[in-house]
Amino acid sequence: MASVSIKGTKNGLLVTLGQGELASLLAELEERLSGTASFFKGGQVALQVGQRQLSVEEIGHIKALLAQNEVALETVISEAPGTRAAARHLGLETKRSPRTEPRPERRAEEDFAEPFVPLRAGLSRGEFGEGALVRCTLRSGQVIRHPGHVVVIGDVNAGAEVIAGGDIVIWGRLRGTVHAGAAGDDQAIVCALDLAPTQLRIGKRIARPPEGKPRRRSIPEIAFVQEGRIIVRSWKASR
Amino acid sequence: MAAMVITITSGKGGVGKTTATANLGVALALLGKRVVVVDSDIGLRNLDVAMGLENRIVYDIVDVTEGYCRLRQALIRDKRVSELYLLPAAQTRDKTAVSPEDMVRLCDQMRDDFNFVLIDSPAGIEQGFRNAIAPADEVLIVTTPEVPAVRDADRIIGLIEAEEKGPASLIINRLKPEMVRYGNMLTTADVIEILAIDLIGIIPEDEAIIVSMNKGIPIALDDANRASLAFHNIARRLLGEEVPFLDIREMPNLIERFVRFIRQG
Amino acid sequence: MRILDWLFGQRRPSSREIAKERLQLVLAYDRVKISPQLLETLKDELIAVISRHVEIDREGVEVTFTRVKSRSRLIADIPLLGARGQRK
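Protein chains in written order, with the numbering used here: chain H, 1 to 239; chain L, 1 to 265; chain R, 1 to 88.
Calculated directly from the structure, the hints in this document are not laboratory data.
Watch out, some of these pointers could steer you wrong.
[Said to hold, decoys possible] What the simulated footprint calls covered on chain R by chain L, stretch by stretch (three residues with Cβ under 8 Å from a Cβ of chain L suffice, anywhere in the stretch; the number is not a length):
1) 13-22
2) 27-33
[Claimed, not checked] To list a few chain H residues with every Cβ distance to chain L over 12 Å, as calculated:
3) THR75
4) GLU130
5) ALA132
6) GLU161
7) THR177
8) ILE222
[Claimed, not checked] Restricting the straight-line Cα-Cα distance to at most 30 Å, the calculated cross-link-like pairs of lysine-lysine (DSSO-like) are:
9) H/LYS63 - H/LYS95
10) L/LYS176 - R/LYS20
11) L/LYS165 - L/LYS79
12) R/LYS20 - R/LYS33
13) R/LYS33 - L/LYS79
14) L/LYS165 - R/LYS33
15) R/LYS33 - L/LYS12
16) H/LYS236 - H/LYS95
17) R/LYS43 - L/LYS165
Glycine included, every Cβ here is placed at the ideal spot set by N, Cα and C.
Based on the provided sequences and hints, a complete structural model is requested.
Structure (structure tokens):
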């Protein structure tokens, strides 16, 4: 099991250090970076370390290691105040980690008797296979389940469901229920030409459209998780 | 608390089972009872829409019977009325996903926590219907005063008697007083005479019901509506109260009486 | 004149009455599998048997089904014109 993960995000690379000894984690990181150096070259890095306490020296060491591989450490994301202070000392930006576990008392909506645990898709993280392309209108009662990304060219009507391990792209109207990142991946996104789902789920989050407000505009929109909440933005604004 | 399980069925589709279930659920909850309404129409669920809860569904009845989640996780609480819950049907499965035994087990699980379990049956007499009546302590049959609906109601009554379910009582829905007055619609008395079954309620035709369905706000939440009053009266009768039937004017008006008088003369 | 027809004229069966009659017929078949044809045959034979002994209004004979507390009944309504034996 990899305790170092490297992900591409909108703002550059996100490097997450998991459990384990720092030295071995750094060795692993170095190995992964050198293996794919040209791919990451010139990028900015956000380093996510969770609760881990890191000293100024240790952060400096990581920064140097990244610099050797021609990527620049910009931000340190941590829950530990000491680590954030050390990072600031080196002139780096700091952030707290977004919550990754749902708090039982504050779910997306209070009306579920118990917290939502995604388990229906029977998928595990990292199992993203190939994307699936669906070229038809999904009608009530129809369901698409796929471990990877799903692209629907057509409408998803109310009563239809799309459940994907990865992202969901609807080239049409989305009226039904979709679940992106169904294995619990909060990084997944949903976008649609007209995003008006009955219910929208990403990872462990659930959102419903606001009540009593009929939509007037229908513009392409994208939904994603930010700081533990599902946010919907117009496609234009999100770029 | 030992819940009474009541199945709402009809044989024919489109006569108002779902509307009746949603509104009786609301009415019983407003009378202070703990109520769960169960949609047993797997593959064609609609009770969620009637109650305006469709966008809150995460788990459904099939997830419960197949062990994907616990019963409590699948129950959706209605925010407008306290102690009213919905157990939604699965939309992406078919009737065979649940067996009559599953339904009995599921209802037994709920008996301790609720006063009433109302089951909205699918139309027809196939497995969906069998599932719906399997756990029933009482059956409410919904009909409209029309030939096909009454005929199907009769068939259902026969099946329920054969299964020794019941007692069954009748809800006559969508009665149009105007049409009855002019002799263009079966009267309540006609339907009762033909079906020979106890009457528990008469719901007058009301456009407000369509509006309420469109909005997902059961009419029983509106205390100034006649159809709503009719549902509240049924709820009270279910609790054992003696409530007189609404005066839905079936009596001829003065001119009509005059005409009849002359004709007989 | 139509108003007068309406006031004094022969009453035509209302759609309610038609509905009730059709229902009773259809249910008779549904409940005990007696078809309208069989009902007609029954009616004809009843008329034949009874009219051997008493004079009846053949046009007025009605054979219907009703149901009282889950039991089906066959009801024959046979208007008499007067017993033959008595006239002689």
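For each hint, the structure was consulted:
1. 13-22: holds (count 7)
2. 27-33: Check passed, 3 qualifying residues.
3. THR75: 35 Å, holds
4. GLU130: The claim holds: H/GLU130 sits with its nearest Cβ about 23 Å from chain L, beyond 12 Å.
5. ALA132: 17 Å, holds
6. GLU161: Violated, since 6 Å does not exceed 12 Å.
7. THR177: 8 Å, violated
8. ILE222: 20 Å, holds
9. H/LYS63 - H/LYS95: Holds, at about 17 Å.
10. L/LYS176 - R/LYS20: OK: L/LYS176 and R/LYS20 at ~16 Å, within 30 Å.
11. L/LYS165 - L/LYS79: Roughly 33 Å separates the two Cα atoms, so the pair is violated.
12. R/LYS20 - R/LYS33: 19 Å, holds
13. R/LYS33 - L/LYS79: Roughly 50 Å separates the two Cα atoms, so the pair is violated.
14. L/LYS165 - R/LYS33: Roughly 23 Å between the alpha carbons, so the hint for L/LYS165 and R/LYS33 holds.
15. R/LYS33 - L/LYS12: Roughly 20 Å separates the two Cα atoms, so the pair holds.
16. H/LYS236 - H/LYS95: Holds, at about 26 Å.
17. R/LYS43 - L/LYS165: With a Cα-Cα distance of about 36 Å, the restraint between R/LYS43 and L/LYS165 is violated, given a limit of 30 Å.
Of the numbered hints given earlier, the model fails hints 6, 7, 11, 13 and 17; all others are met.
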